[in-house]
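Number of protein chains: 2
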Amino acid sequence: MQPNTDNVFNFSAGPAGLPKAVMEQAQAEFVNWNTLGTSVMEISHRSKSFIKVAEEAEQDLRDLLNVPSNYKVLFCQGGARAQFAAVPMNLLGSNTKATYIDAGYWAESAIIEGRKYCEIDAFDAKTTLDGKTAVLDAKEWVIDKDAAYVHFCPNETIDGIEINDLPVTDKPIVADMSSTILSREIDVSKYGVIYAGAQKNIGPAGICIAIVRDDLLDLASDVLPSFMNYKVLAEKESMFNTPPTFAWYLSGLVFKWLKAKGGVKAIEQINREKAALLYDYIDSSSFYKNGVHPNNRSLMNVPFQLDKPELDGEFLKQAEQRGLAALKGHRAVGGMRASIYNAMPIEGVRALVQLMEEFEQQYA
Amino acid sequence: MQPNTDNVFNFSAGPAGLPKAVMEQAQAEFVNWNTLGTSVMEISHRSKSFIKVAEEAEQDLRDLLNVPSNYKVLFCQGGARAQFAAVPMNLLGSNTKATYIDAGYWAESAIIEGRKYCEIDAFDAKTTLDGKTAVLDAKEWVIDKDAAYVHFCPNETIDGIEINDLPVTDKPIVADMSSTILSREIDVSKYGVIYAGAQKNIGPAGICIAIVRDDLLDLASDVLPSFMNYKVLAEKESMFNTPPTFAWYLSGLVFKWLKAKGGVKAIEQINREKAALLYDYIDSSSFYKNGVHPNNRSLMNVPFQLDKPELDGEFLKQAEQRGLAALKGHRAVGGMRASIYNAMPIEGVRALVQLMEEFEQQYA
Numbered sequence: 001m002q003p004n005t006d007n008v009f010n011f012s013a014g015p016a017g018l019p020k021a022v023m024e025q026a027q028a029e030f031v032n033w034n035t036l037g038t039s040v041m042e043i044s045h046r047s048k049s050f051i052k053v054a055e056e057a058e059q060d061l062r063d064l065l066n067v068p069s070n071y072k073v074l075f076c077q078g079g080a081r082a083q084f085a086a087v088p089m090n091l092l093g094s095n096t097k098a099t100y101i102d103a104g105y106w107a108e109s110a111i112i113e114g115r116k117y118c119e120i121d122a123f124d125a126k127t128t129l130d131g132k133t134a135v136l137d138a139k140e141w142v143i144d145k146d147a148a149y150v151h152f153c154p155n156e157t158i159d160g161i162e163i164n165d166l167p168v169t170d171k172p173i174v175a176d177m178s179s180t181i182l183s184r185e186i187d188v189s190k191y192g193v194i195y196a197g198a199q200k201n202i203g204p205a206g207i208c209i210a211i212v213r214d215d216l217l218d219l220a221s222d223v224l225p226s227f228m229n230y231k232v233l234a235e236k237e238s239m240f241n242t243p244p245t246f247a248w249y250l251s252g253l254v255f256k257w258l259k260a261k262g263g264v265k266a267i268e269q270i271n272r273e274k275a276a277l278l279y280d281y282i283d284s285s286s287f288y289k290n291g292v293h294p295n296n297r298s299l300m301n302v303p304f305q306l307d308k309p310e311l312d313g314e315f316l317k318q319a320e321q322r323g324l325a326a327l328k329g330h331r332a333v334g335g336m337r338a339s340i341y342n343a344m345p346i347e348g349v350r351a352l353v354q355l356m357e358e359f360e361q362q363y364a
Numbered sequence: 001m002q003p004n005t006d007n008v009f010n011f012s013a014g015p016a017g018l019p020k021a022v023m024e025q026a027q028a029e030f031v032n033w034n035t036l037g038t039s040v041m042e043i044s045h046r047s048k049s050f051i052k053v054a055e056e057a058e059q060d061l062r063d064l065l066n067v068p069s070n071y072k073v074l075f076c077q078g079g080a081r082a083q084f085a086a087v088p089m090n091l092l093g094s095n096t097k098a099t100y101i102d103a104g105y106w107a108e109s110a111i112i113e114g115r116k117y118c119e120i121d122a123f124d125a126k127t128t129l130d131g132k133t134a135v136l137d138a139k140e141w142v143i144d145k146d147a148a149y150v151h152f153c154p155n156e157t158i159d160g161i162e163i164n165d166l167p168v169t170d171k172p173i174v175a176d177m178s179s180t181i182l183s184r185e186i187d188v189s190k191y192g193v194i195y196a197g198a199q200k201n202i203g204p205a206g207i208c209i210a211i212v213r214d215d216l217l218d219l220a221s222d223v224l225p226s227f228m229n230y231k232v233l234a235e236k237e238s239m240f241n242t243p244p245t246f247a248w249y250l251s252g253l254v255f256k257w258l259k260a261k262g263g264v265k266a267i268e269q270i271n272r273e274k275a276a277l278l279y280d281y282i283d284s285s286s287f288y289k290n291g292v293h294p295n296n297r298s299l300m301n302v303p304f305q306l307d308k309p310e311l312d313g314e315f316l317k318q319a320e321q322r323g324l325a326a327l328k329g330h331r332a333v334g335g336m337r338a339s340i341y342n343a344m345p346i347e348g349v350r351a352l353v354q355l356m357e358e359f360e361q362q363y364a
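Quick note, the sequences are listed as chains A and B, same order.
All letters in the first sequence, in the order written, are residues 1 to 364 by this note's numbering.
All letters in the second sequence, in the order written, are residues 1 to 364 by this note's numbering.
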């Protein structure tokens, strides 16, 4: 049986699949955008045509997340890992401490980078509940009274863990939302800084969004590279340096697609249906398992293991044959991982559950 | 007369036009790359398929520039402005001084950023020769004996100035080649670090190449963000953080296009013909002028002014009507600027010269 490439459902954790309608539009206008006779990536970022793209993308994102007017929306380069350094360098001011909540791989990665810049009080929020991995209730998180800010990662892409709480604190809350942004409703006004690499729910790799509260713009370190300085980016409307224009344009198309779908509230409902389909099937089966407690299961990234790991290869082979791509789990966790970001239609999840059922019947 | 958008010659200084054949290939395989049923931007950067793209791009660039084996080729994020900070933070070590040669806007911008990290001895290399702007002979450049390195910008995109000399020094030479890389033959072994934002001669905005000599990889500052650390990037094969995969892929297609054209030596000859066509016409006319001495005229960026600046708007209008796009000069210089990077065919320059002739006949 030849792999199906006509109608692929792409479960990649990132860079992830983008909405099909967006990709088809981008392809249609790839070499002649806006009747200019060139691609959108071949024009000046300072041209009227591109500035309109940039401004619309920002406004659409503001609409989608209901971003208050005292927050700047910045389009940055370098991905979330750049923000791991940018956050302390932008926010510490004369302070020397910060608290980081640790519940997975990406929170830990932010801690490692952050320790180059300040003393980090890392609070291990992982626990075990009913034999499954869970996250302690936010009321139990210990936050240093001298912390300049509290950093956490609400969705752990690799571990498949989601935190639905917010730190209980009067310090600025900083969240790495790379794999959760735009997947469910949030109240931006509760945060100091939200950042997110684009390559899951926004656009292609190479652009990163930062949403920064105005009062946090004046604390930058003297040695912070200017292109990472939130204030510089705010003053220059994210064009201090040449921005990744094609990634910005494509992100803007994704925002318009999401607005047309009914916005974050509507996509959240679909996301909950998609996740429930998958987790319910896993829980109903003894052939598959997911080690995360239902309180903290990710809406976006669903790792699961086969009861017989020696069949992983065969499962992946059959998945590929059905056009179910990129299901191999992260090497740190093993097994499978289905990333079901906004762009994944519910039909893709149904097709995956169907494969899982048939595979179970075949091999259980 | 409606603007011509069927056959546009794009003179944008950057983001600049890319080779037409490359754009057409990218469009054709945009939603189904490599028969995967997805775009190249929708797959993991760690997948075998993408790693092949990444490795081929690096090898092709090595072939094109004849990069010696004791140099790393890094694919970075943040553009050349990120390198303005990355260079001192990577190279100073325990040193506190560097010499920067100043011959234009971008060299000056690198100096401003660099002064956050070290004491910069800026040598003003601009001079006047026969009433035109020129650059002092490199033998006259004064280089601080304690400098950790010597930085210069061989092609000034805005000023239209090219430096064909190299600093005379035993210090590592660092060159911002954003608008000259791959346009003419260079001897990489003479440099410590070469860097170049992609959006002129390489690919779309959002990726930046750094070519770094091995012995310079161990000098990084403790506060250098890891994603900008040459050693980290070298060890992680430019995948410490998720790279801008689509920009990397497209850059790879440009490298293959350039190899097929005969490589740098062949394109240099075409570039010299293109530039000569334009400069010779300007010099033969009293209606247009270029203020740079022939010794230092840029092969890539040709600023020119009309004798009657009040006609600038009309010139640009007629240019647009002929599909000659983005000729407006930088606000710092005024008049026109024709950026004639590798992707600009000689027919585009001929069409521009024809317009200039006819416009001169109409208005002189």
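Treat each hint with caution, since some may be false.
Treat identical chains as interchangeable: a pair holds within one or across any two.
Calculated lysine-lysine pairs in the BS3-like style (CA-CA distance at most 27 Å, straight line) [claimed, not checked]: (1) K328 / K52; (2) K116 / K256; (3) K145 / K52; (4) K145 / K317; (5) K308 / K48; (6) K256 / K139; (7) K52 / K317; (8) K236 / K289; (9) K116 / K97; (10) K97 / K261; (11) K171 / K289; (12) K97 / K20; (13) K145 / K256; (14) K308 / K261; (15) K289 / K265; (16) K328 / K48.
For the record, the hints were derived by calculation from the structure and aren't laboratory data.
So, going through the hints one by one against the coordinates:
{"no.": "1", "hint": "K328 / K52", "in the structure": "between (40 Å within a copy, 19 Å between copies)"}
{"no.": "2", "hint": "K116 / K256", "in the structure": "neither (39 Å within a copy, 40 Å between copies)"}
{"no.": "3", "hint": "K145 / K52", "in the structure": "neither (44 Å within a copy, 49 Å between copies)"}
{"no.": "4", "hint": "K145 / K317", "in the structure": "neither (52 Å within a copy, 63 Å between copies)"}
{"no.": "5", "hint": "K308 / K48", "in the structure": "between (58 Å within a copy, 26 Å between copies)"}
{"no.": "6", "hint": "K256 / K139", "in the structure": "neither (37 Å within a copy, 57 Å between copies)"}
{"no.": "7", "hint": "K52 / K317", "in the structure": "between (45 Å within a copy, 21 Å between copies)"}
{"no.": "8", "hint": "K236 / K289", "in the structure": "neither (49 Å within a copy, 33 Å between copies)"}
{"no.": "9", "hint": "K116 / K97", "in the structure": "both (12 Å within a copy, 23 Å between copies)"}
{"no.": "10", "hint": "K97 / K261", "in the structure": "neither (42 Å within a copy, 56 Å between copies)"}
{"no.": "11", "hint": "K171 / K289", "in the structure": "neither (38 Å within a copy, 60 Å between copies)"}
{"no.": "12", "hint": "K97 / K20", "in the structure": "neither (44 Å within a copy, 52 Å between copies)"}
{"no.": "13", "hint": "K145 / K256", "in the structure": "neither (42 Å within a copy, 57 Å between copies)"}
{"no.": "14", "hint": "K308 / K261", "in the structure": "neither (39 Å within a copy, 53 Å between copies)"}
{"no.": "15", "hint": "K289 / K265", "in the structure": "neither (29 Å within a copy, 59 Å between copies)"}
{"no.": "16", "hint": "K328 / K48", "in the structure": "between (44 Å within a copy, 13 Å between copies)"}
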